[in-house]
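Q: Here is what each chain is made of, one letter per residue.
Number of protein chains: 8
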Amino acid sequence: MNPDELKRTLESLRDGKLSVEEGLTRLTDLPFEDIGVALIDHHRELRQGVPEVILGESKTADQVLAIVAKMAQRKSNVLVTRLSREKADILLSAFPAGTYSGDARTFTLVQKPIEARPGRVLVVCAGTSDLPVAREATVTARMMGNEVEELTDVGVAGIHRLFANSEKLRSATVIIVVAGMEGALPSVIGGLVPVPVIAVPTSVGYGAAFGGLAALLGMLNSCAGGVTVVNIDNGFGAAIAATRINQMERDKR
Amino acid sequence: MNPDELKRTLESLRDGKLSVEEGLTRLTDLPFEDIGVALIDHHRELRQGVPEVILGESKTADQVLAIVAKMAQRKSNVLVTRLSREKADILLSAFPAGTYSGDARTFTLVQKPIEARPGRVLVVCAGTSDLPVAREATVTARMMGNEVEELTDVGVAGIHRLFANSEKLRSATVIIVVAGMEGALPSVIGGLVPVPVIAVPTSVGYGAAFGGLAALLGMLNSCAGGVTVVNIDNGFGAAIAATRINQMERDKR
Amino acid sequence: MNPDELKRTLESLRDGKLSVEEGLTRLTDLPFEDIGVALIDHHRELRQGVPEVILGESKTADQVLAIVAKMAQRKSNVLVTRLSREKADILLSAFPAGTYSGDARTFTLVQKPIEARPGRVLVVCAGTSDLPVAREATVTARMMGNEVEELTDVGVAGIHRLFANSEKLRSATVIIVVAGMEGALPSVIGGLVPVPVIAVPTSVGYGAAFGGLAALLGMLNSCAGGVTVVNIDNGFGAAIAATRINQMERDKR
Amino acid sequence: MNPDELKRTLESLRDGKLSVEEGLTRLTDLPFEDIGVALIDHHRELRQGVPEVILGESKTADQVLAIVAKMAQRKSNVLVTRLSREKADILLSAFPAGTYSGDARTFTLVQKPIEARPGRVLVVCAGTSDLPVAREATVTARMMGNEVEELTDVGVAGIHRLFANSEKLRSATVIIVVAGMEGALPSVIGGLVPVPVIAVPTSVGYGAAFGGLAALLGMLNSCAGGVTVVNIDNGFGAAIAATRINQMERDKR
Amino acid sequence: MNPDELKRTLESLRDGKLSVEEGLTRLTDLPFEDIGVALIDHHRELRQGVPEVILGESKTADQVLAIVAKMAQRKSNVLVTRLSREKADILLSAFPAGTYSGDARTFTLVQKPIEARPGRVLVVCAGTSDLPVAREATVTARMMGNEVEELTDVGVAGIHRLFANSEKLRSATVIIVVAGMEGALPSVIGGLVPVPVIAVPTSVGYGAAFGGLAALLGMLNSCAGGVTVVNIDNGFGAAIAATRINQMERDKR
Amino acid sequence: MNPDELKRTLESLRDGKLSVEEGLTRLTDLPFEDIGVALIDHHRELRQGVPEVILGESKTADQVLAIVAKMAQRKSNVLVTRLSREKADILLSAFPAGTYSGDARTFTLVQKPIEARPGRVLVVCAGTSDLPVAREATVTARMMGNEVEELTDVGVAGIHRLFANSEKLRSATVIIVVAGMEGALPSVIGGLVPVPVIAVPTSVGYGAAFGGLAALLGMLNSCAGGVTVVNIDNGFGAAIAATRINQMERDKR
Amino acid sequence: MNPDELKRTLESLRDGKLSVEEGLTRLTDLPFEDIGVALIDHHRELRQGVPEVILGESKTADQVLAIVAKMAQRKSNVLVTRLSREKADILLSAFPAGTYSGDARTFTLVQKPIEARPGRVLVVCAGTSDLPVAREATVTARMMGNEVEELTDVGVAGIHRLFANSEKLRSATVIIVVAGMEGALPSVIGGLVPVPVIAVPTSVGYGAAFGGLAALLGMLNSCAGGVTVVNIDNGFGAAIAATRINQMERDKR
Amino acid sequence: MNPDELKRTLESLRDGKLSVEEGLTRLTDLPFEDIGVALIDHHRELRQGVPEVILGESKTADQVLAIVAKMAQRKSNVLVTRLSREKADILLSAFPAGTYSGDARTFTLVQKPIEARPGRVLVVCAGTSDLPVAREATVTARMMGNEVEELTDVGVAGIHRLFANSEKLRSATVIIVVAGMEGALPSVIGGLVPVPVIAVPTSVGYGAAFGGLAALLGMLNSCAGGVTVVNIDNGFGAAIAATRINQMERDKR
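Protein chains in written order, with the working numbering: chain A, 41 to 293; chain B, 41 to 293; chain C, 41 to 293; chain D, 41 to 293; chain E, 41 to 293; chain F, 41 to 293; chain G, 41 to 293; chain H, 41 to 293.
Just so you know, not all the hints are guaranteed correct.
Which residues of chain G face chain H? A partial, calculated answer using Cβ under 7 Å [claimed, not checked]:
(1) Ala101
(2) Gln103
(3) Gly138
(4) Thr139
(5) Val150
(6) Ala204
(7) Pro236
(8) Leu260
(9) Val269
(10) Val270
(11) Ile280
(12) Gln287
No lab work stands behind these hints: they were computed from the structure.
None of these values were measured; they are calculated from a predicted model.
Where is the CB? At the ideal position from N, CA and C, for every residue including glycine.
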């Protein structure tokens, strides 16, 4: 029952075409999703001009193709994450206007302008092996309308490289820090800047890295106050979190 | 060496009172923290009118007393976290103007007005046992100048109570969600609102709660995009993260 | 907005005292809990004649006392779990009609008849050290209206004792099996009977028992099909699960 | 020694064809499985009209084929779980009357009518990636004679979709909830309905999902009373547990 | 139903006092424990002259006292393990003939001669902190009738001390090796002797010892073939395992 | 310096061909392995008529081939464990007298009679999936000269099958129990027999089996006294432990 | 800004070509890396004549090739670690002067003499399966200018082999001990020698080895004082640590 | 058998007082510890002028007192670690010349001059809560004859404080870095200096610090090459490792 139907129900009641009892019955059975509409208005607003997202990893090429086709028909912008090159090639044959990033493992299809958000997201990356996760964050944040800059290969063991880029750190409104191994970079950056820092542990490393657990625990125990953390390798989630923060800005204007 | 001293050094050089060699020596030994000043300007700005913070847990009453005394002399606002009632009583005798919250386990001493920040922090709390962590977030966020509202005892198993408070959810600019046990509340809230959601797992629970591990993992794997997580029981860290977000807003004005 | 209010709103609309727009506004803001009522009818029904429950562990004696007092006023039956003897003594002074079970660590106050449920719950217990958890299940299940029988000290290493009680196993409609250490008992029982088996791992044991983890994992990997598991030491939860199963029976009559 | 043999032994004794000593010897050596018959009567009853089950995963195609052939000869109904398509193709050539479900990874062969059970099992599934586990539950429950309905893709982050299906929730006698990632769905459903809820964590997710551990811990710590849990990805076990519950119903009639 | 009863049942049948049907009913209900008797004969034999054992840890002084009193009446030998000095003092007042070992935390009461077993148990202990666990093994093994020798404080880091005692190693028929920290001693000893080596990890250590986990894993991964392991701190279990081995010897004579 | 050389040194000294100082120097530098000879005499004895063992898993086919060739030259008996069929085929071409067991993944080459040991090893196996580990134990124990019997597919959930084989349990001197999933079988068997029970957890299972961890913990926490445990899937180690026990027997005669 | 530029800035200031304000601006923006230069002088010194290192594992053959080409142009010595044979073959075609070690999985290219360091590194290796990690340490340490000796296949269970090589142990200035399974070797060696012992756990083993965790924990809990540990399989890191120690020696001369 | 006895044996042989066979027997039984002497010479040398060490934690005050008394009689220097103030007070009454450090929890008794070692140990400490572990390292290193300097409260989040002390970093020959929480400090320092860096994780922190596990994993995964790690809170072990390194220096002179 959409708002129009609700309005029609009330009009029928007013006009005597519907008894109070019938009205009660209809409203008591009022589907929750419609009531939900009010509540998730902001959510919808958030989604305007924003891509529909598909997690490519656990789907077959055919399944991804079918979903993208439906979205393309709606003229939506499309973002597929964790997509292998094999599946991407199939997508690209069908949608030559799309773009595949081998680094980020993302397929993007832009069919209408992406509405720009205020604020600038800086994606910082400790080592070259962390790059795919960082790139997933970059592509996602851009598809969400954020201005994004990258700063790569600035590890804790060569910390002077980080300081040499203090200008970039200072100009960001949100910083996403991607790091594997001991995951110490967010602490250092969190101590240097006052803006929100979102830490993304990666599964880079071996042995006692335990698939990203070491980095994850390191980031959760950051001695820099106010660093927040997302799941291991979750560049996508970090970008959405950054978008939520920039979104908030726009609402306030 | 502060900026004034740096200026004086350069003037002496210009005026021939200092040789180039002497100038080189001084500057080569330039303490890093002074160079750091430029970089951490924003950090200082963040700290203006903001309390100095002491982690009370691993310090003796005497140690806390000494530190608070020094801060009080500087006319700083003071926040002591994780403070037992026993130590608090000693602090209160010395600083009767201070306030102890038994729930939050915080001692606060306000000696100058707290500068208000824009935005509103909503602290949501799943069960009454999670209240101490929620309160630590509330007290910290208020001491940082945020407007804070609380919404308590809205668990996932009684989810209609959450929906009954949709107005509160809608009016917040940042939501801190505190939950133990399975830690599912941030996912539900993250699906309802577009603003930043900071999840705080608590050590509430027993058995397979493993001291908050269950809630922590649940939150890291949230199916709601963009939920970020802090350490178990870290209400303080969540409030600082919220402050970073609201801070950013002010900078933009 | 309760059903009466909703009816009045529709009547006002019918009678022209309320415009369609005003009606829309009211209904859009319809509190979720009221809609929720319909959905949780069964839940309420479940609660009829059923005790209100308080988790005593993380509350002060004063807090427990206050909550019980309020419940007592409503003439509810009351069940407090995980209650120390110290707190129980305070409760008993205030409510001499109540009963404290030192084994189960429960306080119960029966103020109106407990409605009997069909079916019989058998609580089986591997060792004497598992008894407190088993007793918590027994007391809870009884307060919920179930007929309960206990079978204690039947470990896997002395399995003939179990077989000697096959009559008890056969006459139960639900079996709760409480076991620590390797937690093997539910597998054996699950292989002997066709009724639902709810396994409760306990934290009994030392060393590689890891606080109940060994028993928990053992039960989750049970080679007997259809054994389900609750949290470590969660006798209460097992009893509620058994109640849900017996509840279902009643609904079908 | 089957009941007939036992009877003949006693008759021989009565008729003097067997001395008391000879009788004693025979009975002392009485094979346990025969004595076991009495005890596992109900178990057998449970199995009547019920498929014989093979875990396909750790067996070669040849091994599965041989076992199915033997079962087919007995005119049993057959259920093979965790069967790859490759092995299934070999089975289907030999038993064209069988059915393979690629989603559920099950092969079924129905050779005699499945006796219907009372009650209705609802299988709820959080995300599309959880579908294979849900389908395994559905196929198994149907082969066991349960009426089964499915409700898919109702995640916690889009909780209004769940509420829109409250009718389905209300009409079930047992609900199997399949969810990966944070595993929060059983808590929400457990708070909405009074019937037994069986939670199945899945290995869906990455990073800190730790192969289903996060979902498993979340479900064990559910704040909704009486939710029980089976092993990760164990759709089969959940269906057997549901069958045990429905079985109980029939016994009571 | 004991053998006598069984005999009488068959005699009644032979004598026509019991019909075949009545005989069938009685035998079908034949209690399992009676059949079990045959099977556990050896078990009983094992227990002859052997103490009855009580785990003192999770019982109150009163409970221990009551159980010991009952055993004392049967003139059994008694072994109580994991008993605190406080509880021991109460036991000693009631049973002055008993002995308490503060090191081993055992109470023993010998009321009839302990039957000697062949073979010699050597209990080796890495550090002085491991002594309590080693002593528990020693006391238990002695109460079980084994000849026991101890070799203490021979750590891996001072391995020449071990070699200086090669005579003791050579003369043992079973060696129990008790070690905490890295748990390496069983590997070294297992490489030196051909007899059974039973490794007991202890919870001695701190930090990454994780309560004995490091020693446990070390022992399970021993590069010396045929080392077997018991639970952390389980000196009792190791002694029982040694007794089973020596028991076997006696059976063969 | 072998015993002959040592003897020659002493003779030279006696005969005045070597000064005391020269003798001292030679003996102080006495290689440890020679001294070690005395100590490991028993170890050698253990190895007499016993196969040399190669862990095939981490070696290339060429490496295994080379080692076996050297052993074959010495006329040793040879046992290769954890050998894939591919590598086995290469071995079999070179040593057609050898035998490969696909189940056990072992290659054996018997070139001289295996000396029989007293005692009988019973290898019990919970499920068919545990068979490879059980077979590795069987093959190894046989190559070590033990008489071995197998009892397969006797799970805890169908415990009457175990009881039906009580004769086999009673006639063994050592029992190796191989089980995955919850690993409960050793507890049941340990409660039925007085002989040494060696438990082998297997990595069979999925989800919360965690690669054999559940079974391992279950066995370490066995409520049956004196059950000892070896590493996950370590059928070889269990057989060596059994051999150590039977070895001891022979020494005593 | 290098020291020369800094000097020129000060001269311009002295000479009046630069105002104090302009000087302040330049210095405030002083790039951190230049200041960092002073601090990391020793670091550079360490790198003199030392290879540049590439982690080959997570890079494509093309990426490795490009990096090596750039280094080769600089006439640097090059070390590539964790390089598969496939990638190595491509490198060797381009740089036939290079060397690939299949054991160590390293590619090395020496273009200028490696400056020798004082001290001798001994790399000890418990089993042949640990050899690849040991070889990585050996190759790395040699490329860093250390004299290196290897001692392989000296396990704890055959400890006399270690003692037979006491001369090698005594002549080393640093000992790297590589061991998997229970990781006990460093404790034994640490008890025999007074020089620094660096322990490298390997992922060799199965079951409860948990990918090297058992060895890692064992080494961290070594009862030999002063043993230090690096990550699992990190032969490279151990060699760098040894180089740091030998480096220190040279500095002192 | 000490060297004198060995000499006498050889003389008797030379003089014909002992036959070759008798000599062989005596030498075959040669106690290992005597042979061991040669091997552990260096070890003894290491111990010269060095304190004897007692781990105070798991010993009673009486036990510690007795051991110290024996050492005092030998005029040894004494170091007791992990000693509570209560036990220390008892020690101080008996040995008023001793010193107790409440921070380090060490008791020291210097009865003869400590021989100075070359090199300088720098103990760096991230937070004030890490101070006790750092102090244990400092006291131990000093008692071992090292020159020690401390640098406290230099966390990663305020990294400019570290750079301000670059002089101290540069002048050390070994650096011990003590840090809890995320344990990132050793990586930063390891990137700044070329000398050996020994990392000590501490159990400081809460929640996901998991008693020092987060710091331990962080340090093992350090991106700075050649950082080595000791057990959690093991300040003592780090100091011994530093002593081994400085020891080596002395040997080389």
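Q: What are the numbers of the hints the structure violates, in ascending order?
A: 1, 2, 3, 4, 5, 6
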